Amino acid sequence: MATAPATPAAAPAAAPAAAAVPASSVPRGQVDLVDFIDWTGVECLNQDPSHSIANALKQGYREDEGLYLASDSDEQLLIYIPFMQVIKLHSALFQGPEEEGPKTVKLFSNKEHMGFSNVNDYPPSDSVDLSSSHLVENKPVTLKYVKFQNVRSLTMFIEDNQSGGDITKIQKIALYGTTVDTTNMKDLKKIEEH
Amino acid sequence: MVLESTMICIDNSEWMRNGDYAPSRFQAQADAVNLICGAKTQSNPENTVGVMTMAGKGVRVLVTPTSDLGKILACMHGLEVGAEANLAAAIQVAQLALKHRQNKRQQQRIIVFIGSPVKYDKKVLETIGKKLKKNNVALDVVDFGETDDEKPEKLEALISAVNSSDSSHIVHVPPGENALSDVLISTPIFTGEEGGSGFAASAAAAAATGATGYDFGVDPNVDPELALALRLSMEEERARQEAIAKKAAEESSGETKDHASSSNSDSVMAEAEPASNASADDKRDLPKEDEDAQLLQQALAMSMDEGASGAAAVADAAMAEAGADDDELALALQMSVEDTQMSGQSDMTKVFEDRSFVTSILNSLPGVDPNDPSVKDLLASLNGQGEQEEKKDNSDKPNTPEDGKN
Chain P
1 MATAPATPAA APAAAPAAAA VPASSVPRGQ VDLVDFIDWT GVECLNQDPS HSIANALKQG
61 YREDEGLYLA SDSDEQLLIY IPFMQVIKLH SALFQGPEEE GPKTVKLFSN KEHMGFSNVN
121 DYPPSDSVDL SSSHLVENKP VTLKYVKFQN VRSLTMFIED NQSGGDITKI QKIALYGTTV
181 DTTNMKDLKK IEEH
Chain X
1 MVLESTMICI DNSEWMRNGD YAPSRFQAQA DAVNLICGAK TQSNPENTVG VMTMAGKGVR
61 VLVTPTSDLG KILACMHGLE VGAEANLAAA IQVAQLALKH RQNKRQQQRI IVFIGSPVKY
121 DKKVLETIGK KLKKNNVALD VVDFGETDDE KPEKLEALIS AVNSSDSSHI VHVPPGENAL
181 SDVLISTPIF TGEEGGSGFA ASAAAAAATG ATGYDFGVDP NVDPELALAL RLSMEEERAR
241 QEAIAKKAAE ESSGETKDHA SSSNSDSVMA EAEPASNASA DDKRDLPKED EDAQLLQQAL
301 AMSMDEGASG AAAVADAAMA EAGADDDELA LALQMSVEDT QMSGQSDMTK VFEDRSFVTS
361 ILNSLPGVDP NDPSVKDLLA SLNGQGEQEE KKDNSDKPNT PEDGKN
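Protein sequence lines, in the order shown, are assigned to chains P and X.
As numbered in the UniProt record's numbering, residues 1 to 194 make up the first sequence, in order.
As numbered in the UniProt record's numbering, residues 1 to 406 make up the second sequence, in order.
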């Protein structure tokens, strides 16, 4: 847990903690935040209607290799993900084709209703440069943990893709972190049941 | 029930003074805008509509998106017509206005009315279109007025650049008899992608037009297919009946000649009467002429079959009714009667000399209006010879209006 944040997120191969767990890529001590996403509020601008954000973000769909999120009129994508409770974001995982996979990803925390016209108005909380190894292997990118301590919503701006083509494809997006509110009633119930 | 925020760009350029859309392009556009605002705000109570102008002293937002219909309608008054429309700037300003909508959950839509030529390049418009699509803004275009300079092509290109999942539409409205708003009401601009919002459109239309009844008792907006089927079937039936009527008229003119020499008989009249009664009852619901003409033909055919005498009297009754409803038929019958008159002059005059009998028959027929000028004319022409003496006869009957004129 303590090793990864020491190196800034931009360094692609320098994530020994993540590499150590190839099977389940969830970093130690973190959970997959997919259960805390407020699905009614999820938005994606410039998505191809036939390849929507659900293909990349939803459990089940994102594990399917054939389903992916694609951009429509150009290569950029703007994804807005609200959470049902406040979370701390530790790392993110992007999977996609080597050519059309995302390259530069800017993350903003708690910026509601952004448009393509104001992505440059605020400094991003973190900016990630993905390499093709990130996209193909199951390697999460560690983010600036301190910048994502109190996240109610996350906006991801995918600026360009690996090949510079007109269509960006993302097969899977996974977010790892912890919830701030430790008394999550949903989790408690689950433990009681088993 | 699409939750939507709409900006309507209206064209107030010099080209809108043209009167090819009654009463003028600008007024026709204003009516259509009012109707759209009504439909949008009714389809979802949280929907908002804004209005802006494209010409005059530059692009100007009159009302930012609001759900207050009064505000929207009020801003349409006292608009000045002048200068040229700036389509590209207008669309971008509209997008900006939509971006700052209060309820971010609303979908964004721009509706552009463009009656003036488009001076922009296709490329420029496509770039703007792509920008709209990227920002998830839908665009509807109402293309009317000028068609020069590849305007329709340019607008089509703009729409195809914006369109994703069929949410953007374009409507070309040529000048004609139909009002701009009437044409638009059945287009996807009003009905949206879902059938549900069609109700709102029809409700708005009903409110605007004063809610008169629909043809066949079916609202064409609610069930367009049924309405179309009904209309087609009615047209087919009309064509069929017309053909039958024509044929029957030809036949009757041939047959009356043969049966000409005869005296009148009440049984024939009795048979003709119920038929005309039925026709009168049906009148309210069904297209008058067709139904009446058909029944008339039936009555006529029945009397012929019977081989009865009194063809003249039948013809008279038939003519009286035909005169009220169908001029063509009346003419055909009159011709046939004239034939009869030639062959059996004495019998004819006998029948018509009994003027009180004829008028009583006329009054007893519910579908016949004795006041009808064509009926009068017919009677006058038939009774040309003996009308002087009959005048005295009929003057004591107040309910026979022929008297005065004869």
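These aren't lab readings, by the way, just hints derived from the structure by calculation.
Wrong hints could be hidden among the right ones.
[Unchecked claim] In silico EDC-like links for lysine to aspartate or glutamate, alpha-carbon gap of 20 Å or less: (1) P:K58 <-> P:E43; (2) X:K131 <-> P:E43; (3) X:K122 <-> X:D148; (4) X:K131 <-> P:E98.
The structure displayed is predicted, hence computed values, not measured ones.
Okay, the hints, checked on the actual structure:
no. : hint              : in the structure
1   : P:K58 <-> P:E43   : 13 Å, holds
2   : X:K131 <-> P:E43  : 17 Å, holds
3   : X:K122 <-> X:D148 : 14 Å, holds
4   : X:K131 <-> P:E98  : 27 Å, violated
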